[in-house]
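Residue numbers (my numbering), protein chains in the order written: chain A, 36 to 259; chain B, 50 to 236.
What the hints contain is simulated information worked out from the structure, not anything from laboratory work.
Among these hints, one or two may not hold up.
[Unchecked claim] Subject to a maximum C-alpha distance of 25 Å in a straight line, what follows is the list of computed DSS-like cross-link-like pairs (lysine-lysine):
| # | chain 1 | residue 1 | chain 2 | residue 2 |
| --- | --- | --- | --- | --- |
| 1 | A | K194 | A | K235 |
| 2 | A | K205 | A | K235 |
| 3 | A | K205 | A | K238 |
| 4 | A | K205 | B | K76 |
| 5 | B | K217 | B | K121 |
| 6 | B | K101 | B | K68 |
| 7 | B | K229 | A | K76 |
| 8 | B | K217 | A | K40 |
| 9 | A | K58 | B | K217 |
| 10 | B | K232 | A | K40 |
| 11 | A | K156 | A | K238 |
| 12 | B | K101 | A | K233 |
| 13 | B | K232 | A | K76 |
| 14 | A | K200 | B | K101 |
| 15 | A | K233 | A | K205 |
| 16 | A | K76 | B | K217 |
| 17 | B | K229 | A | K40 |
| 18 | B | K217 | A | K205 |
| 19 | A | K205 | A | K242 |
Quick caveat, the model's predicted, so the values are computed rather than measured.
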Amino acid sequence: MNCTKALEYRDDYIDGDLSQEEKVAVREHLDSCQQCHDAFKRDEDMLQALRAVTVPAPSPGFARRSLQHAQSAGRWQIPKSLAPLLSAAMAACLVLWLVTGLPRMSYQPAQELPTAQVIIKINEQKIINVVVNAPRDLLDAHITIQLPAQVEMVGFPGKSEIEWKTDLRKGKNLLSLPIIAKSTGNVELVTRINHENKSKLLKLAMKIHNSHATGDLHDSKYLV
Amino acid sequence: MEKVISLIKYFSQTSEFEKILHPYILKLYRVAYRLCGSASDAEDLVQDVLVKVYPKRQTLFRLENPGPWLVKVLYRTFIDHRRRMARSPLHLLQNNNDEENNSVVESIPTENSGPEEISENNQVRERLMRAINSLNLDQRHLCILHDVEGYTLNELEEILNTPIGTLKSRLHRARASLRKLLKHETF
Numbered sequence: 036m037n038c039t040k041a042l043e044y045r046d047d048y049i050d051g052d053l054s055q056e057e058k059v060a061v062r063e064h065l066d067s068c069q070q071c072h073d074a075f076k077r078d079e080d081m082l083q084a085l086r087a088v089t090v091p092a093p094s095p096g097f098a099r100r101s102l103q104h105a106q107s108a109g110r111w112q113i114p115k116s117l118a119p120l121l122s123a124a125m126a127a128c129l130v131l132w133l134v135t136g137l138p139r140m141s142y143q144p145a146q147e148l149p150t151a152q153v154i155i156k157i158n159e160q161k162i163i164n165v166v167v168n169a170p171r172d173l174l175d176a177h178i179t180i181q182l183p184a185q186v187e188m189v190g191f192p193g194k195s196e197i198e199w200k201t202d203l204r205k206g207k208n209l210l211s212l213p214i215i216a217k218s219t220g221n222v223e224l225v226t227r228i229n230h231e232n233k234s235k236l237l238k239l240a241m242k243i244h245n246s247h248a249t250g251d252l253h254d255s256k257y258l259v
Numbered sequence: 050m051e052k053v054i055s056l057i058k059y060f061s062q063t064s065e066f067e068k069i070l071h072p073y074i075l076k077l078y079r080v081a082y083r084l085c086g087s088a089s090d091a092e093d094l095v096q097d098v099l100v101k102v103y104p105k106r107q108t109l110f111r112l113e114n115p116g117p118w119l120v121k122v123l124y125r126t127f128i129d130h131r132r133r134m135a136r137s138p139l140h141l142l143q144n145n146n147d148e149e150n151n152s153v154v155e156s157i158p159t160e161n162s163g164p165e166e167i168s169e170n171n172q173v174r175e176r177l178m179r180a181i182n183s184l185n186l187d188q189r190h191l192c193i194l195h196d197v198e199g200y201t202l203n204e205l206e207e208i209l210n211t212p213i214g215t216l217k218s219r220l221h222r223a224r225a226s227l228r229k230l231l232k233h234e235t236f
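Whenever a hint applies, use it, and build me the whole structure from the sequences.
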């Protein structure tokens, strides 16, 4: 076996995918060729080093918490055949509730933040950057942008409301809103973020005035 | 009476679920960390997987070796998350750069977390991770699951839903790239 052939076999050799005959031939070559021996040794070392890269430990109690969370999330997903049995039990509880008094609603009204302000010229395209700081991952957050009549989102002509679901990651999430002002006025752009039973309203006051713009797209940041 | 017994059996399955899953949680977390690159993302991914798997626990109970099946669910969930983030109609980014001059809208009160300490001893680790991260996504994931985490190509055929022949050539190309990138490295 020559060096070219031996090196062709190097990955299959690592993975134990060679026939007995091929394996023996490779080993005999490695015994007699220092260069190939070193190359194969290096492969071994590289893979060992990759395997040895440590992973930081998860937060304390992670395993127990995750299992409990999975079970409580699925707790009321009962098999259909058992539903009537549980429904009857639940109905009985509900009747009791009605008799003794309704529980407090757990829904939280939207929390509003102080309004930020931006000045924009008519026909001027602007990118409004909203930085949303989340203390933890918020999966499946529902975001709604409500536009005043005087403003349009670039790429969404004629739409006064744009909404979508996304995951907000722990830390700073940058929401870039490309807008263009179509007519003058003092207006408000509202961003609503819903997650589970919590809601936040972010209002941006916009003063649109009449001076002609160059039409350049540039960023604007706003402070709340 | 039959239904009452079924109800008891239903609730006893939850402890069976814990018993079977518990040995796999840290392994799943490790794979999740290697895919996501962050401990909190990895924890969230594993939690999502367990929530997904719980209603399918009957399938889980029937498996002799649930490991590869769990990793398959984890990998698919990871890919789904990535696709959803990419599909957002507006450009929603994770932006942890220096944004001191940017205005911040505090949607929910923040927690202060201190910066991660990077030990000097992790320099080789950093270079290895940089090399892996410079591979294309398919090669990177395959490398992580096969070379680092030790799943066989047979298992990966199922996990990644890709024929073995394709996986093999992809793996060999990935290793060739790593050899080039790490040629000056001493292990």
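Structure-based check of all given hints:
1. K194/A to K235/A: holds, 22 Å
2. K205/A to K235/A: With a Cα-Cα distance of about 16 Å, the restraint between K205/A and K235/A holds, given a limit of 25 Å.
3. K205/A to K238/A: holds, 22 Å
4. K205/A to K76/B: holds, 23 Å
5. K217/B to K121/B: Satisfied, since the Cα-Cα distance of roughly 18 Å is no more than 25 Å.
6. K101/B to K68/B: holds, 17 Å
7. K229/B to K76/A: Answer holds: K229/B to K76/A is near 15 Å, not above 25 Å.
8. K217/B to K40/A: holds, 18 Å
9. K58/A to K217/B: Between K58/A and K217/B the Cα gap is close to 18 Å, so the pair holds against 25 Å.
10. K232/B to K40/A: holds, 21 Å
11. K156/A to K238/A: holds, 19 Å
12. K101/B to K233/A: With Cα atoms ~23 Å apart, K101/B and K233/A stay inside 25 Å; holds.
13. K232/B to K76/A: Answer holds: K232/B to K76/A is near 13 Å, not above 25 Å.
14. K200/A to K101/B: holds, 19 Å
15. K233/A to K205/A: OK: K233/A and K205/A at ~16 Å, within 25 Å.
16. K76/A to K217/B: holds, 21 Å
17. K229/B to K40/A: holds, 19 Å
18. K217/B to K205/A: violated, 37 Å
19. K205/A to K242/A: Violated, at roughly 32 Å.
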